[in-house]
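Trainee: Residues per chain are reported as follows:
Number of protein chains: 2
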Amino acid sequence: MTFSLTILGSGSAIPTLTRNPSAQLLNVHEKIFLIDCAEGTQLQLRKFKFRLQKIDHIFISHLHGDHFFGLIGLISTLHLLGRKNEMHVYAPAELEEIIDIQFKASGTILRFPLIFHYLHQRTSEIIYEDKNVKVRSFPLNHSIPTWGFVFREKQKERNIRKDFIIEKNIPVTEILKIKKGEDYVDENGKIYKNPEITLNPQEPRSYAYCSDTRYFEPVIPFIKDVDVLFHEATFMQDKVKNAIENFHSTAIEAATIAKKAGVNKLIIGHYSARYKNAELLLSEAKSIFPNTILAEDGLKVDIDMDINRN
Amino acid sequence: MTFSLTILGSGSAIPTLTRNPSAQLLNVHEKIFLIDCAEGTQLQLRKFKFRLQKIDHIFISHLHGDHFFGLIGLISTLHLLGRKNEMHVYAPAELEEIIDIQFKASGTILRFPLIFHYLHQRTSEIIYEDKNVKVRSFPLNHSIPTWGFVFREKQKERNIRKDFIIEKNIPVTEILKIKKGEDYVDENGKIYKNPEITLNPQEPRSYAYCSDTRYFEPVIPFIKDVDVLFHEATFMQDKVKNAIENFHSTAIEAATIAKKAGVNKLIIGHYSARYKNAELLLSEAKSIFPNTILAEDGLKVDIDMDINRN
Numbered sequence: 001m002t003f004s005l006t007i008l009g010s011g012s013a014i015p016t017l018t019r020n021p022s023a024q025l026l027n028v029h030e031k032i033f034l035i036d037c038a039e040g041t042q043l044q045l046r047k048f049k050f051r052l053q054k055i056d057h058i059f060i061s062h063l064h065g066d067h068f069f070g071l072i073g074l075i076s077t078l079h080l081l082g083r084k085n086e087m088h089v090y091a092p093a094e095l096e097e098i099i100d101i102q103f104k105a106s107g108t109i110l111r112f113p114l115i116f117h118y119l120h121q122r123t124s125e126i127i128y129e130d131k132n133v134k135v136r137s138f139p140l141n142h143s144i145p146t147w148g149f150v151f152r153e154k155q156k157e158r159n160i161r162k163d164f165i166i167e168k169n170i171p172v173t174e175i176l177k178i179k180k181g182e183d184y185v186d187e188n189g190k191i192y193k194n195p196e197i198t199l200n201p202q203e204p205r206s207y208a209y210c211s212d213t214r215y216f217e218p219v220i221p222f223i224k225d226v227d228v229l230f231h232e233a234t235f236m237q238d239k240v241k242n243a244i245e246n247f248h249s250t251a252i253e254a255a256t257i258a259k260k261a262g263v264n265k266l267i268i269g270h271y272s273a274r275y276k277n278a279e280l281l282l283s284e285a286k287s288i289f290p291n292t293i294l295a296e297d298g299l300k301v302d303i304d305m306d307i308n309r310n
Numbered sequence: 001m002t003f004s005l006t007i008l009g010s011g012s013a014i015p016t017l018t019r020n021p022s023a024q025l026l027n028v029h030e031k032i033f034l035i036d037c038a039e040g041t042q043l044q045l046r047k048f049k050f051r052l053q054k055i056d057h058i059f060i061s062h063l064h065g066d067h068f069f070g071l072i073g074l075i076s077t078l079h080l081l082g083r084k085n086e087m088h089v090y091a092p093a094e095l096e097e098i099i100d101i102q103f104k105a106s107g108t109i110l111r112f113p114l115i116f117h118y119l120h121q122r123t124s125e126i127i128y129e130d131k132n133v134k135v136r137s138f139p140l141n142h143s144i145p146t147w148g149f150v151f152r153e154k155q156k157e158r159n160i161r162k163d164f165i166i167e168k169n170i171p172v173t174e175i176l177k178i179k180k181g182e183d184y185v186d187e188n189g190k191i192y193k194n195p196e197i198t199l200n201p202q203e204p205r206s207y208a209y210c211s212d213t214r215y216f217e218p219v220i221p222f223i224k225d226v227d228v229l230f231h232e233a234t235f236m237q238d239k240v241k242n243a244i245e246n247f248h249s250t251a252i253e254a255a256t257i258a259k260k261a262g263v264n265k266l267i268i269g270h271y272s273a274r275y276k277n278a279e280l281l282l283s284e285a286k287s288i289f290p291n292t293i294l295a296e297d298g299l300k301v302d303i304d305m306d307i308n309r310n
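Chains as they are written, first to last, in the numbering used here: chain A, 1 to 310; chain B, 1 to 310.
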């Protein structure tokens, strides 16, 4: 089952012709989650050939424009294209009013339910859950209330060996018990231990998003051991004062968080527009955390235990 | 002196990879006027190599998203780039609150004065004037209050023949009078009639913008005889019912307005996304008004009497 991330915008506050500001798409078993939605995100979705109507859940980390100015346009387009399905937005409460007054001014009455779920200051909570994934919010350290999000796939049931099911003609009720870890007892009273007749399921996969934030160790427990961490890296280390003043991080700081949290892979992004060559940021990050890659608009990362944990 | 129009977005409500929604740039003697500002306009400005900070006046025709969703992002970028100069926005009053609550949510205090000039319902008025140009708003017929804008260059003074100034060594005070149309009397009392010693100045140029609107003849007096008219043409004639229902125009209707107003050149645009090939709209419009061209993103039109009035 799919668990993949696509970077729709890798830049910071000012859009450029090569880097859109923040937006990402996470595909968890074909359920599509949009994370942040800068101006131009709907066009990035088209450019990278995603179907807009497949998005049902949008997570907005905070209310700086480079993380949400594209939301009103995306919602407007979904409406014009005839959307009927619910759309859920997880965001600071003020965003609902911002969206509402714009639709009021344009005389628009949405044809689909737009449901806001407010993020609460200074708390971490499970904000979304379905049979495959849980999403937790957690506070970051930025100039306005800002949240990170961690997506953790749920533990799968054990896989029964198919040859065993056929050989013993096992009834469905027993199959369900075996998948949950029980042993099997046949009609002669013979016991088959669970580990002999099942295979380990794929380990749950996980993705964490931290943008925008100062270097902030309190995030570590929330993002502990994730397969892939996106962490903003607005500045290089010689600009650490700018990072502190502007509530952002350096590439070294992002890498330090990745290392301390024991994550598998780090993606850095949200680069200041001053850096024409993000390779310089990458080499600083790699000096601390070698398994780091650069976010680029359109980059797709398949988050798969087998690939990422070796 | 320059009088030129650049189409930044030629599409209608839904942005596509080939047509951004409405935005245009008018250069009048190197003063830059932005007309409408859809999502993505700041990137269109970069793409077509305009300097963002040269814009001091922005005209917003109405509060449908495809005409203003890009304003907040543009203003935000100008702020981040260190703008100090005043920015004037001519728009329906509700836009000020829409901009204000977004900057309040992001904790942004603009470093430059952002001055709103409200458009008033159902009236036409001079909304801007400088030594070179007057801008008049006028009501259109759309589902929400919507205005057109007409930019008319002021009448220039007469040009004195340089050979005459040199030959007669004419003092500056006299030159100013002659430019205004007076005759010249030399020290011997000899009268030189003004038309003999001056040349006609270039005729004032003009541009009118009509988007979005139903077919609406009351606009004709305001746009009478302009050099270039932009008129929306959302639909082809077989969809005239859709045009009426949605308060838009067909290409034929746009051309009929152009003909009745005696304009020189018509640009049609704001095409429904259903038309992959705008040539069909063009051929309908040309059947009524031959001097019609299609708006395309990036199209530049130099509005010059000598070129356009032949």
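Hints in this document: simulated from the structure, not taken from any laboratory.
One thing to keep in mind: the hints can contain errors.
Since the list can't tell identical chains apart, any single copy or any two copies may satisfy a pair.
[As the list claims (entries may be wrong)] Within a straight-line C-alpha distance of at most 20 Å, the following computed PhoX-like cross-link-like pairs (lysine-lysine) qualify:
1. K131 <-> K180
2. K224 <-> K180
3. K180 <-> K49
4. K239 <-> K276
5. K54 <-> K134
6. K162 <-> K224
Trainee: Now tell me, hint by hint, if it's right for this structure.
Mentor: Consistency of the hints with the structure:
1. K131 <-> K180: within (15 Å within a copy, 82 Å between copies)
2. K224 <-> K180: neither (26 Å within a copy, 80 Å between copies)
3. K180 <-> K49: Cα proximity of K180 and K49: none, with 39 Å in one copy and 62 Å across.
4. K239 <-> K276: This pair counts as within: shortest intra-copy Cα distance 15 Å, inter-copy 49 Å.
5. K54 <-> K134: within (19 Å within a copy, 48 Å between copies)
6. K162 <-> K224: This pair counts as neither: shortest intra-copy Cα distance 35 Å, inter-copy 81 Å.
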